[in-house]
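J.: If you read the sequences in order, they're chains A and B. If you count by the working numbering, then the first sequence holds residues 1 to 166, one letter each, in order. If you count by the working numbering, then the second sequence holds residues 1001 to 1564, one letter each, in order.
Source of the hints: derived by calculation from the structure; they are not laboratory data. All C-beta atoms in this analysis are idealised placements derived from N, C-alpha and C, irrespective of residue type, glycine included. Misleading hints may appear alongside valid ones.
[Said to hold, decoys possible] With the Cβ distance kept under 8 Å, some of the chain B side facing chain A (calculated, not the full set): (1) 1129; (2) 1148; (3) 1173; (4) 1175; (5) 1176; (6) 1180; (7) 1181; (8) 1188; (9) 1308; (10) 1312; (11) 1436; (12) 1438; (13) 1439.
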Amino acid sequence: MRHIIGVLVENKFGVLSRISGLFSGRGFNIESLTVAETDDPAISRMTIVTLGDDQIVEQITKQLNKLINVIKVIDFTDTDHVTRGLMLVKVSVEGSKRLEVLKLIEVFRARVIDMAAKSAIIEITGNEMKLKAFLDVLAPYGIKEINSTGIVAMNREVKARNRYKT
Amino acid sequence: MKKTGAQIVLQSLQIEGVKAVFGYPGGAVINLYDELPNYELKHYLVRHEQAAVHAADGYARATGEVGVALVTSGPGATNTVTGLATAYMDSIPVVVFTGQVPTALIGNDAFQEADIVGITRPCTKHNYLVKDVRELPRIIKEAFHIARSGRPGPVLIDLPKDVLVDTTIFEYPESVSLRGYSPTYEGHPGQLRKAVRALLKAKRPVFYVGGGAILSNAAGVITELAVRLQIPVTTTLMGLGAFPETHALSLGMLGMHGTYRANMAVTESDVLVAIGARFDDRVTGRIDEFAPDAKIIHIDIDPTSISKNVKVHIPIVGDVHDVMNKMMVAVNEMSEEAHEFAASHDEWLARIAKWKEMHKLDYIQEEVIKPQYVVEKICELTRGQQPIISTEVGQNQMWAAQFYEYTKPRTWLSSGGLGTMGYGFPAALGAQVAFPDRLVIDIAGDGSIQMNIQELATAVQYRLPVKIIILNNGYLGMVRQWQELFFQKHYSATEMSAVPDFVKLAEAYGAVGLRATRPQEVESTLKKAFSINKPVLVDFVVAGEENVYPMVPAGQPISKMLLV
Ligand SMILES: Cc1ncc(C[n+]2csc(CCOP(=O)(O)OP(=O)(O)O)c2C)c(N)n1
């Protein structure tokens, strides 16, 4: 199963490699990993997307907790949370494709951030489903390059069960 | 007044109560070595950095204090990796200082530069690169705290040369503040109650005790509780000495080379209390047939150990000593139930007694010296003296585990988790430094001893009267045994046709060398060795193709043992 794990770490030299080393050394899988400083410059927050059955994920969270520089580990999977990723897509826009692509961009609330004769760079944010759907519709036009941040996640403040989710 | 980084390191060690440092100098740490004579620390110059870490590790295992090693950058640092990995696998508190090229040169492939912090990340509990002399006191304080607290382990501090030269006002912190690190010492009371209740319902209980019991100094309370409740006790290789093997309730060691009764008792137990033990594959054998009917209670300070290999029914995260103490209190409060309980499994104890009769640890005496006989004799001759026994790795290690009766914790030093050949001798040196007046014996194989034989020079230089007992079978015996049993006697690369004359070698170093080739000579030779107050190496020429039994073939359940 896929798990999204948040890790609060001390913002110290070598922490990222400690964490990625833990995954590789124990044969755990990382699907994506994002990291950046929080409002407190002494602390960084990581979001790790990983695959594994419950036992593996339990080991992953315990092992992460064991690292001296790790302050807190949260498994988002069982909580009410939101996720977002940012993706840049370079897509072919030659000839008549150009208008069609621009229409699609509007539907997905994406933005064009660079336009050249043959291709455009598009920026889109959203959860993984949205990003994937966007790629699916763009595919026929010819995707030239993708660069994505991976997923960041955050717990919702109120845990309303029937709340509308995006 | 300001102090240099070198002075700060040494003064901090003094504050931490360090008395012995095992090390090897070099350009990157020359400033530190220059200061060394001004401090009340005894430095032991080893002959290889790996041995410095093993010696620090042996010192730590024998005393319960943090062992310290000091080496230079580059090759000095990389030579410590095996020592660190050994200490890491067995959770031994060690602090290793490595020299490093000046900060300005780090990353430039400077002379004798190695990214030792990167290299040792997976085999240290934590490690540091000190970038500023002002951080030094805090880092050293943290390192000692991390090494000895929680589940202990090795910590490495990398010291760039300029940091050792730079100066700052020295102030050693009183306490550490590590936001993400706070080990759980006290077992959860609810879980504890549940465990005691389950235990007192058991018909076929077994205590399965590991190295964690020794690390947390819990042998006393474990013994008390086992005797009180009449629960049979098996220990792992790392747990030897946590329960007196001379006691009627002792099952001896379990696992791949465990006793018949220990493996059978665990297999048939209905409540298995794992105490500071981690269900290593050498212990469990085939996992789905390990203690299949048992409710498993697991006490461990490290949450990652729990339910890693086997499913645990009642986990208790906490310090083994604390948890066992509380269990004792709970049992005392239920004294009536406890009394009934102790009386109610006579049948179980009788069954175990029968297993014990059926398959004793044994060997067949022949004209040649049997290695088991040597260990038995050592045991006999040192009874009551509580010598410290260290071992190398292989058959020698298993025979030393099986045929010596350990009765006290911290008298057995062996590389359990990593299985490091070359560990035993330097570890024995470390133990001898800690206890100059005790008998310290390294039980060795002819293969393993050659991995750190150069330390004979260290033993001689510092008059460390360690006794090396080589069980010389002319083979890399343990591998040969596997080849014999599972590879049609295809002895590929396990025969040592060129072996030094160990007696002459010892003499060349200035130690004493002895040899025995017949069983009749074993006792007198050992007596002689033990009576000489100098490093002694004894070459016992033993049966070449003797095997360690019982043996559980890899991948089999522990109840399926090959017996003698
Ligand atoms: C550093 C190292 N290299 C290789 C091994 C693999 N190994 C395990 S036991 C063994 C044989 C040990 O031979 P020896 O020291 O002569 O002891 P014996 O088994 O004969 O008692 C070997 C090679 C090891 N454990 N450690």
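J.: With reference to the structure, classify each hint as holding or not holding.
T.: A quick look at each hint next to the structure:
1. 1129: Constraint on residue 1129 of chain B satisfied, holds at 7 Å.
2. 1148: Hint on residue 1148 of chain B: violated, closest Cβ of chain A at ~14 Å, above 8 Å.
3. 1173: Because about 16 Å separates residue 1173 of chain B from the closest Cβ in chain A, which is outside the 8 Å limit, the hint is violated.
4. 1175: Violated, about 16 Å.
5. 1176: 11 Å, violated
6. 1180: Holds. Min distance 4 Å.
7. 1181: The hint holds - residue 1181 of chain B has a Cβ within 8 Å of chain A, the shortest such distance being about 5 Å.
8. 1188: Interface hint status for residue 1188 of chain B: violated (16 Å vs cutoff 8 Å).
9. 1308: 6 Å, holds
10. 1312: 12 Å, violated
11. 1436: 35 Å, violated
12. 1438: Since chain A brings no Cβ nearer than about 35 Å to residue 1438 of chain B, farther than 8 Å, the hint is violated.
13. 1439: 38 Å, violated
Figure legend: structure checked against the earlier numbered hints; hints not met, in rising order: 2, 3, 4, 5, 8, 10, 11, 12 and 13.
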